[in-house]
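**Student:** Chains as they are written, first to last, in this note's numbering: chain A, 1 to 122; chain B, 123 to 329; chain C, 330 to 834; chain D, 835 to 972.
If you are wondering where the hints come from, they were derived from the structure by calculation, not from laboratory data.
Just to be clear, a hint being listed does not mean it is correct.
Stated by the list, open to error - Estimated spans, in silico, between C-beta atoms of each pair:
hint : chain 1 : residue 1 : chain 2 : residue 2 : range
1    : C       : Arg484    : D       : Leu857    : 39 to 47 Å
2    : C       : Ser333    : D       : Phe851    : 24 to 32 Å
3    : C       : Val614    : A       : Gly60     : 27 to 35 Å
4    : B       : Ala234    : C       : Gly530    : 18 to 26 Å
5    : C       : Ser804    : B       : Leu212    : 50 to 58 Å
6    : B       : Pro235    : D       : Asp936    : 48 to 56 Å
7    : C       : Ser804    : D       : Pro898    : 30 to 38 Å
Built from N, CA and C at the ideal position, the CB exists for glycine as well.
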Amino acid sequence: MNPFIHELIAHYNQWITIFLMVSGLYIVIAKDNMVKKLVGLSLFQTSVYLLYISPGKILGGTPPIMDPKFSVYSNPLPHVLILTAIVVGVATLALGLALVVRINEAYGTIEEDEIFARGEEE
Amino acid sequence: MEALINMVLLTLLAIVTIGVIRMKNLFAVVILSGIYSFLMASVFIVLDAIDVAMTEASVGAGISTVLLLGTLYLTKSEETEPLHKPYVALFLAAVTAGALIYGTLGLPPFGAPDAPIHLHVANRYIENWKEETGVPNVVTSVLASYRGFDTLGETAVIFTAGIGVLLLLKGRKSPGAETPDMQAEAVAARAAAREAEAEADAEDNLS
Amino acid sequence: MSSSQLPALQVVLPLLGAVICAFLRRGTLAWGVALCVTWTMPVIALSMLWQVLATGPISYAMGGWAPPWGIEYRVDMLSGFVLFLVSGVAAVIIPFARKSIATEIDSTRQAWFYTMYLLSLCGLLGITITGDAFNVFVFLEISSLSTYVMIALGRDRRALLAAYQYLIVGTIGATFYVLGVGILYSLTGSLNMVDISSRLGELGFQPPVLAAVAFLFVGISLKLALFPLHSWLPGAYAYAPSFATAFLAASATKVAVYLLVRYFFSVFSVSQIFEGLPVSEILIVLSVAGMIGASLVAVFQEDVKRMLAYSSVAQIGYMTLGIGLANKQGLTGGIVHLFNHAITKAALFLAVGAIVYRMKTCKIDDFAGLGRRMPLTMGVFVLAGLSIIGTPGTAGFVSKWFLAVGALEEGWWWLVAIVMVSSLISVVYIGRVIEIAWFREAKPIADNAREPPASMLLPMLFLAGCVVYFGFATSMSAGYASKAAAHLLGAEQAIEVPAAAGTKQ
Amino acid sequence: MKMDLILRITTKLLIPFMLLFALYVQFHGDYGPGGGFQAGVITAAMVILYALIFGLKAAQRVVPVSVVQFMVPLGVLVYTGVGVYTMFKGGEFLNYNLLGHDRVHAQEWGILLVEIGVYITVSGTMTAIFYMFAGRGR
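Same shape as in the complex, but just chain A:
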């Protein structure tokens, strides 16, 4: 195989993961809408999960559920860690959204820059 394509496949996961992660981070920092920021935050977290799961895969392996028919299993430990991380992520999202609802009731807007423009927050 062409070495360039080989290199691409070997690191394609990492390239895309990096792109997803950075895009999520960009949304969180650049946007002012609080809901969109939280969406960006959860994209950012989800792409980090990919960084954990990708190295756990063995090409030609099967899911880590034991069966006499198979002998090569992918690594179960990253899966466990990411299960925990997903739960943490949704907990954070729920709390963040609850705060957004309350902020909307208190300020009448969910755009950060509008709230800052009133000048009471410096």
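Here the structure of chain A is known, so what remains is to put chains B, C and D in place on it, guided by the hints.
**Tutor:** Chains B, C and D in isolation, oriented as in the chain A frame:
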């Protein structure tokens, strides 16, 4: 074949992400983030992480989407154009990307069976499951037994979020909240900020 | 249950307490539960500390699975010290909570507030005690989520905004942390800190190691509010309920500093971090910028809580400065400043909390005449303020002394000068409050101001006593800190001994 | 709400199967993918579906807020309880080997109990959070 499906799904993920960045309608953004979660779940299946895929599909595409839509129903559905230019964000994102590229390219290649993570801690879980836990789904046995304390922590996080949301949203709205005046106030503040910005731009152009 | 169960109890008891509080409806009852749990915490921490001093680090295998396969709880010199610090300060200030919370939070929400407080305590203790890199993340999130909620319960609507901003920043920080741990895991295949450390030593230096250092550093720095990453802190401290502010100021950032020390000195080695990379330079520059910049901002605040929050950012600079110096005296200064600043800031925020309890305000101008109306409270404020400045005879002096000696050891006299300048700026902002409180006529708003009830006054006086006591009796705080620092700097040899893989308890 | 007859009947038909699936995921988690967390989310999804079709009030008649609120800490209590029990038996926190005579058997018991704890908290919390968001609008 596995690698090919994986690449196609990942490319789709990247496209959806660009959509999320560019869309202004928040409903569209929420639906795209649901699609993102489903695609991610598919990637996890290809990567043999079926427990994770199941969770990501039910949580990311299910519960999260419901909560996001619920929030949009209570607030509003259009994003307004940010006042400031996103240079800072672009810069920070570029720095992070640089660090990640520098850092992760030295890691073992995708799918290699001799990477360190396959050789050290995890092999015990796969080799000794029968004598030590007797649970064929190794993910369950690691989750609930070997690293059971992490899972207690995870349950505690859910508990924290549950009580937290109850504390924040239970009971009646505080009186006087969200009056039309406040919305007018927000619009006025925004208009003023825009004018100031336009003036600053004009001055920049003059000089 | 024998004494060997103590490491688990340290974290499980607050969790159980939180669960019980969640079932309760009455705030006072929940406060009682919180009080009982919080008061047992320093007892447990202290007995573990004794054990560590007598027989060396304690290792506890959760679920009976030996590390690195299971999660290890590990108490050594440094973590024992931080455990005692966090639980001790919490135990001192918890009596203050009942009256303060009763006036600041609706009666229907008080019981759940104590749930959040206990969860936060549980999370902070869990971060400190665990020896597993991923377990840190789980407890970090427990403490963070509960902290966001506590902040959001403040009376002002700006509390909601502060909580939201902290949630965004805190989650980015935690995700960066997970990213760093993920890279370390890919490299070593392990999550146990001791195990990672010994395997990293074999690997030598590679680009991924540097990336891991960078992500862990940025992630933890966001949580500890290192200077340019501190934007969440002033709002959070200013609008949270007074008790929550005192608790957070004394514990949350301190635990984050602990985590940074743990990674730099125990997981990575001193030679990797401070000789191979410019970490020392970066830390010192940022610390100095924080010490001067945040102090200057503090001078111009109108709200006392906000002023003290900026002062906290500056004081965190002293701690990170000690880490950056990375010599024995400097590190001792950093660690002892953890302790000294925790008691000092707790005393200050309790004093402000008592004033908010009586006056419902903490604008600097409204403090006029309080020196005569609330002499004890303002006395505590003055004493703790002197410690912030670093006056000899107070705890704050001790840490600055060690930092200065550490800086001189490196031949950096300019650093000593900067510490002096930062102290002078703190004279300005503390002095301003004192001047207004003692030398100006009381406003009508202060007509009803009088000393707070004993349950609020005693914790303050006790902390003020500590501030003076540890200004003289340095053998306990600084002596212990220097032992811990020596242990950390010599960590490379110490790690070989337990070599966790395969050994059980 | 009269127009969506098809939705109402399909929902009524679906709900028992959803519950069944949740229980399958819960108790088959040892042999296949799944466990307390996933089962809890599916159960909560069932309540959410019911509320979306029949209205929030109807859902809260079937699953009252007070019950849900009670479940949130209950699951953590069950989980911690298992750990405290093993401590009283003289082992480490969450050392399931002390829950029975035969090691594999004891581990299976431990995992089962713990997963039930996770299920209770997760299903309770997810439902509670949904109730809070849905009930805030009025």
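**Student:** Against each hint, give a clear statement of whether it holds in the structure.
**Tutor:** Structure-based check of all given hints:
Taken as a hint, the range 39 to 47 Å holds for the pair Arg484(C) and Leu857(D), whose Cβ atoms sit roughly 45 Å apart. Look at Ser333(C) against Phe851(D): about 49 Å separates their beta carbons, and that is not inside 24 to 32 Å. Our hint of 27 to 35 Å for Val614(C) and Gly60(A) is violated, since their Cβ atoms are close to 50 Å apart. Our hint of 18 to 26 Å for Ala234(B) and Gly530(C) holds, since their Cβ atoms are close to 23 Å apart.
Restraint check, Ser804(C) to Leu212(B): a C-beta distance of roughly 53 Å satisfies the suggested window 50 to 58 Å. Range check, Pro235(B) to Asp936(D): about 34 Å between beta-carbon atoms, so the 48 to 56 Å window is missed. Take Ser804(C) and Pro898(D): their Cβ atoms lie about 60 Å apart, and the range 30 to 38 Å is violated.
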